[in-house]
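*Asks:* Sequence:
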Amino acid sequence: MPHPQNSVDPKLLEILVCPLTKGPLKFESKTQELISEKAGLAYPIRDGIPIMLESEARELT
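Mapping of the sequence shown onto our numbering: residues -10 to 50, in sequence order.
Keep in mind the hints are simulated off the structure, nothing from the lab. As the structure is a computational prediction, the values presented were derived from the model and not from experiment. From the three backbone atoms N, C-alpha and C, an ideal C-beta is built for every residue, glycine too. There's no promise every hint is true.
Unchecked claim - Pairwise CB distance ranges, derived in the manner of DEER restraints:
(1) Thr50 <-> Lys0: 15 to 21 Å
(2) Glu48 <-> Lys0: 27 to 33 Å
(3) Ile4 <-> Asp36: 15 to 21 Å
(4) Glu26 <-> Pro(-1): 15 to 21 Å
(5) Thr10 <-> Thr50: 17 to 23 Å
(6) Ser18 <-> Glu45: 25 to 31 Å
As the list claims (entries may be wrong) - Dumping the calculated BS3-like pairs for lysine-lysine here, alpha-carbon to alpha-carbon at most 27 Å:
(7) Lys0 <-> Lys11
(8) Lys15 <-> Lys0
(9) Lys15 <-> Lys27
(10) Lys27 <-> Lys0
(11) Lys19 <-> Lys0
(12) Lys27 <-> Lys11
Generate coordinates for the entire structure from the input sequences, incorporating the hints supplied.
*Replies:* Given below as structure tokens:
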């Protein structure tokens, strides 16, 4: 079943981890980002594709 543009497939969230900490990620629908609280980073989702590169991540404040 396809997911709306403002959501992430729960099965994908189960297998994706932060590339730095290997910890879990949390989807933030307002900003379309995957949040790694342990690393303090937010990875963007562009056109439905998570960009899991540290150089593309935003630092959380």
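*Asks:* It remains to establish, for every hint, whether it holds in the given structure.
*Replies:* We went through each hint and held it up to the structure:
Here the CB-CB span from Thr50 to Lys0 is close to 31 Å, at odds with the stated 15 to 21 Å. The hinted window of 27 to 33 Å between Glu48 and Lys0 holds, with their beta carbons roughly 28 Å apart. Hint check: Ile4 to Asp36, Cβ distance near 20 Å, so the stated range 15 to 21 Å holds. Our hint of 15 to 21 Å for Glu26 and Pro(-1) holds, since their Cβ atoms are close to 19 Å apart.
The beta-carbon spacing between Thr10 and Thr50, approximately 18 Å, falls within the hinted interval of 17 to 23 Å. Against the hinted window of 25 to 31 Å, the Cβ-Cβ separation of Ser18 and Glu45 comes to about 19 Å, which falls outside the hint. Proposed proximity of Lys0 and Lys11 is supported: the alpha carbons are some 17 Å apart, at most 27 Å. A threshold of 27 Å between alpha carbons decides the hint, and for Lys15 with Lys0 the separation of about 13 Å falls inside it, so the pair holds.
Restraint check for Lys15 and Lys27: satisfied, since their Cα atoms lie roughly 11 Å apart, inside the 27 Å limit. Between Lys27 and Lys0 the CA atoms are separated by roughly 21 Å; this keeps the pair inside 27 Å, and the hint holds. Between the alpha carbons of Lys19 and Lys0 the distance comes to roughly 20 Å, so the proposed pair stays at or under 27 Å and holds. The suggested pairing of Lys27 with Lys11 holds, with an alpha-carbon distance near 9 Å, which does not exceed 27 Å.
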